[in-house]
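So the sequence lines, in the order shown, correspond to chains A and B.
In terms of my numbering, the first sequence is numbered consecutively and its last residue is 404.
In terms of my numbering, the second sequence is numbered consecutively and its last residue is 404.
What the hints contain is simulated information worked out from the structure, not anything from laboratory work.
Hints may be right or wrong, so weigh each one.
Copies of the same chain are indistinguishable here, so a pair counts whether it falls within one copy or spans any two.
[To be verified] In silico DMTMM-like pairs for lysine to aspartate or glutamate, Cα to Cα no more than 25 Å straight-line:
id	residue 1	residue 2
1	110	291
2	112	128
3	191	17
4	59	182
5	59	313
6	143	128
7	59	17
8	112	367
9	30	107
10	194	285
11	194	361
12	30	361
13	194	123
14	110	243
15	350	271
16	30	258
17	143	105
18	194	388
19	45	17
20	117	271
21	143	336
22	350	235
23	59	15
24	59	128
25	110	87
26	117	386
27	272	48
28	117	128
29	45	304
2 protein chains.
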Amino acid sequence: MSLIVQKYGGTSVGDSDRIAQVAEHVARTKRHGNQVVVVVSAMGKSTDELISLAGQVSKTRPGREMDMLLTSGERISMALLCMALADLGVQANSFTGSQAGIITDCDHTKAKILEVKGDRLREALARDVVPVVAGFQGVSTSKDVTTLGRGGSDTTAVALAAALGAECCEIYTDVSGVFNADPRLVPAARKLGKVSFEEMLEIAATGGRVLALRSVEYARNHQVALHVRSSFTWEPGTWIVREDPSMEQAIVSAVTHDISQAKITVSQVPDKPGIAARLFRGLADHSINVDMIEQNTSVSGHTDISFTVPRADFALAHSVARDLSRQVEASDITADESIGMISLIGAGMKTHPAIAAQMFETLASQEINIEMISTSSIRISCVVGERDVERAVQALHESFALAR
Amino acid sequence: MSLIVQKYGGTSVGDSDRIAQVAEHVARTKRHGNQVVVVVSAMGKSTDELISLAGQVSKTRPGREMDMLLTSGERISMALLCMALADLGVQANSFTGSQAGIITDCDHTKAKILEVKGDRLREALARDVVPVVAGFQGVSTSKDVTTLGRGGSDTTAVALAAALGAECCEIYTDVSGVFNADPRLVPAARKLGKVSFEEMLEIAATGGRVLALRSVEYARNHQVALHVRSSFTWEPGTWIVREDPSMEQAIVSAVTHDISQAKITVSQVPDKPGIAARLFRGLADHSINVDMIEQNTSVSGHTDISFTVPRADFALAHSVARDLSRQVEASDITADESIGMISLIGAGMKTHPAIAAQMFETLASQEINIEMISTSSIRISCVVGERDVERAVQALHESFALAR
Numbered sequence: 001m002s003l004i005v006q007k008y009g010g011t012s013v014g015d016s017d018r019i020a021q022v023a024e025h026v027a028r029t030k031r032h033g034n035q036v037v038v039v040v041s042a043m044g045k046s047t048d049e050l051i052s053l054a055g056q057v058s059k060t061r062p063g064r065e066m067d068m069l070l071t072s073g074e075r076i077s078m079a080l081l082c083m084a085l086a087d088l089g090v091q092a093n094s095f096t097g098s099q100a101g102i103i104t105d106c107d108h109t110k111a112k113i114l115e116v117k118g119d120r121l122r123e124a125l126a127r128d129v130v131p132v133v134a135g136f137q138g139v140s141t142s143k144d145v146t147t148l149g150r151g152g153s154d155t156t157a158v159a160l161a162a163a164l165g166a167e168c169c170e171i172y173t174d175v176s177g178v179f180n181a182d183p184r185l186v187p188a189a190r191k192l193g194k195v196s197f198e199e200m201l202e203i204a205a206t207g208g209r210v211l212a213l214r215s216v217e218y219a220r221n222h223q224v225a226l227h228v229r230s231s232f233t234w235e236p237g238t239w240i241v242r243e244d245p246s247m248e249q250a251i252v253s254a255v256t257h258d259i260s261q262a263k264i265t266v267s268q269v270p271d272k273p274g275i276a277a278r279l280f281r282g283l284a285d286h287s288i289n290v291d292m293i294e295q296n297t298s299v300s301g302h303t304d305i306s307f308t309v310p311r312a313d314f315a316l317a318h319s320v321a322r323d324l325s326r327q328v329e330a331s332d333i334t335a336d337e338s339i340g341m342i343s344l345i346g347a348g349m350k351t352h353p354a355i356a357a358q359m360f361e362t363l364a365s366q367e368i369n370i371e372m373i374s375t376s377s378i379r380i381s382c383v384v385g386e387r388d389v390e391r392a393v394q395a396l397h398e399s400f401a402l403a404r
Numbered sequence: 001m002s003l004i005v006q007k008y009g010g011t012s013v014g015d016s017d018r019i020a021q022v023a024e025h026v027a028r029t030k031r032h033g034n035q036v037v038v039v040v041s042a043m044g045k046s047t048d049e050l051i052s053l054a055g056q057v058s059k060t061r062p063g064r065e066m067d068m069l070l071t072s073g074e075r076i077s078m079a080l081l082c083m084a085l086a087d088l089g090v091q092a093n094s095f096t097g098s099q100a101g102i103i104t105d106c107d108h109t110k111a112k113i114l115e116v117k118g119d120r121l122r123e124a125l126a127r128d129v130v131p132v133v134a135g136f137q138g139v140s141t142s143k144d145v146t147t148l149g150r151g152g153s154d155t156t157a158v159a160l161a162a163a164l165g166a167e168c169c170e171i172y173t174d175v176s177g178v179f180n181a182d183p184r185l186v187p188a189a190r191k192l193g194k195v196s197f198e199e200m201l202e203i204a205a206t207g208g209r210v211l212a213l214r215s216v217e218y219a220r221n222h223q224v225a226l227h228v229r230s231s232f233t234w235e236p237g238t239w240i241v242r243e244d245p246s247m248e249q250a251i252v253s254a255v256t257h258d259i260s261q262a263k264i265t266v267s268q269v270p271d272k273p274g275i276a277a278r279l280f281r282g283l284a285d286h287s288i289n290v291d292m293i294e295q296n297t298s299v300s301g302h303t304d305i306s307f308t309v310p311r312a313d314f315a316l317a318h319s320v321a322r323d324l325s326r327q328v329e330a331s332d333i334t335a336d337e338s339i340g341m342i343s344l345i346g347a348g349m350k351t352h353p354a355i356a357a358q359m360f361e362t363l364a365s366q367e368i369n370i371e372m373i374s375t376s377s378i379r380i381s382c383v384v385g386e387r388d389v390e391r392a393v394q395a396l397h398e399s400f401a402l403a404r
C-alpha cells in the first residue's frame, strides 16, 4: 500500500462543488489501494479577504495576531472536506498545523519549519482515517500559532511527505502541469512530463509560477517526488524528480519570462574596492531583494554597475542608489521599469556550449536588444525591453524546437 | 487592581467599526486601573454562515469537524480585536480555547467544561498583556477541538472569571440590561438594576433571552457577579448577584413570556401506575425536552395528562404520544401549537401567598383563559392562548406596578 500526500490549493477548494469533487478524488485514490494524507489551503480568495479585514481595523497588525487570523481559513476548508468525505463513507479527521506537529521557529507570518512530528497523522492512518491537514500553518517553539508565508501550503505538503515517507506528493492546482513556455504567450507550449528538481528551481525562480520556490527546494533536499497536476481535469501532470544520470537530458527544457523586475544602472563609478559592497549593503538594509547584478569591465578607472529589483521596490531602490552615487561621485544613474527577463533552462545545457550563441542569434534575428546577461550551469537569462518579451519567448520556443 | 472579565457577543464585534469601539472600551477599562480579560464571540452572523456552508457540502456533518469549522469564527474576531488594541498602544494576545486551557469532555458541538487551567492567561496578565480569549470553544481530554453549544461564549466568560478570581464578569450585548418585561410588548418595561441568580435563572428559563441559562447556573454555582450591559450605549446595565438576605426583596421582579412551545393533552388515560412513565420515557428516547407537565385529578379511574414541548419537536412529540395513547387505550389526544406561557418571577414571592390569586384575577379581568399552571417558590407560570400573550403581559406589568 502506497502513501500519497495530496495538496489542494485555494481554487481547488474554492466552493462547495469544488470541495465535493476533491472529496470524490480522495475517495477514489483510497479505493485504488493507497493511503492518503490531504493538505488544503484556504478556500478561494478567503486569505486575501482576511488580510483586507485586518487592514480595516489596524495599521500595526502584529504578526502573532495576523497568524491567528489567517489560520482560520484552512480550518474552514479542511473541516468541510472532512464532512464531504464522511458523506462518501470515508472517515477523515482534520488537523491544524499544531495538531499535525508542524513545529516552526517564532518568525510570525513567515515562519520556517524546524520539525515535523506527525504522530497524530500516523495514528489516524493506522486507524484507516484520512488525515486532512491545514496547509500554511504550524506552531512555534513558544506554542503560538504561526504561518509559513505565501506558498506555504506547498511546503506543508512536501514536509509531510518527507516526514511520513510518502511515495510522492501530488500538488493539485488550476493548471495541468509545468509548461515549457507560458501557454498564453506561446500557443505551441508543451506540458513537460518530467523535470529535474534543479530545472524546476530555475523555472520557479525565473517566472514559472506553478510552484513556490521554497517547496521545490524542500522537495529536492528531502528527495520527495512531486507531481503537479490539475484538480479540474484530473489528467496526469508534470513530475518533478531527481535527475536520472542514465537518462538522456533535454538540452533545453523550457523558456520562461518575468516582467516583475526593474533595472537600475549606476554609471561611471570610480573603480575602487568597496563601492559595490556599499551599494548592495544599502539596498539590503532596506530589505530590497536584488536579483541580477552585472558590472562591466573598468574603462579608464571607471565602471558601470547594473542590477534588477522587484518593481514594487523600484522607487526605494532608485533613491538608495541615487544617494550612494552622489557620495561616490558616480557620473550618472539610469533606471528602467519596462524590462523583461527571458530565460532558457535545461539540465543538458552544461555540456552544450553553443546554446548561448544560438539564444543570442535568435534574439538578434528578431532585432531584440540584450541589456544584461546572466547564467548558471543550467540556465541563461537575458534582460530585454518589456515590449520585446512576447516575441522573444515565441522565437526561442521555435528556435529550440520546444514544440517538438 | 481589580480583574474584570469582559465578554463581547457577535453584534458587539459585528464589523470593523464595532471592533474599534470595543478596543476603545477595553483600553479605557485598563486606563481606569483594572486588569482585563476579554472573551469574544464570532463576528455577527458568521457562525450561522458557516453552519449553512456545512449544510451545502454534507448531510452527515460529523461533530468533530463541525467544531473545527465553527471555531474559526472566534479566531477572526479575537485576532482583529488584538490588532485594534495594538493600534491603541495596548498589548494584547489572542488565545484559543485550547491555549486558554479550557478543558472539556468529548461531547462534540455541546461539550461541557471540566476544568479551566488558564496558565497562559495568568502569565499574560503578569506581563501586562490583555488576554483576548475565544468564547464558545475548548479542547477535549482527547485533544480535539470542541464547542460548548449555543450561548457557550457567556459560559466561557463566567468560567474564566471563576477560575481567575475576577471581581466580576461583564456581559456586553445589544440590549442595555435585563428588563422586567419585554420592552417590545410593554412600553413601560423597566430595566432592573439588580436581580438574584435565582430570579435570573427563572427569567432565562421562561423566555428572557438576554443570558444563556447555563452561564447563569455556572455563575451562581461559582458565585461570579455578572453585569449585563450594552456595548452600544456603554451605560450601566443589570447586575446579577447573590441574594442579599439583609435586603428587602421585590415581591415581583419581572413578567416574562415564551411563545416557543406547544401543548399536547392525552385524555381519559386509565389511572394506573407506570403510564406517565411510559409516555415521558418515549419522549425522552426521542430527545424531546418536555417543559411543563400537568396531570389532573383522576375522575372515575381516568385522568388527563398535558405537557408542553418546543414547537420544533411538536410533530414528533404528537406522534409519540398518539402511539402511546393507542397502546394504553386513552380515549383522545388533543394538541395546540398556538399557546404562550406567561410567568411572574420574584424572590419575595415565597412569603406572599396572594400573588398567585392576584395573577389569576388579573388574567380573568382580561377574559384570558388559563390552560395550565405551574409554580416554583419564586415563579408562577400560566399557559394561555398565544393571541392573549401580549395583553396578559401588559395587564400583569400594570397590575403588579412594575413600571413603579
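What are the numbers of the hints that this structure violates, sorted from low to high?
-> 2, 3, 4, 8, 9, 10, 11, 12, 13, 14, 15, 16, 18, 20, 21, 22, 26, 27, 29
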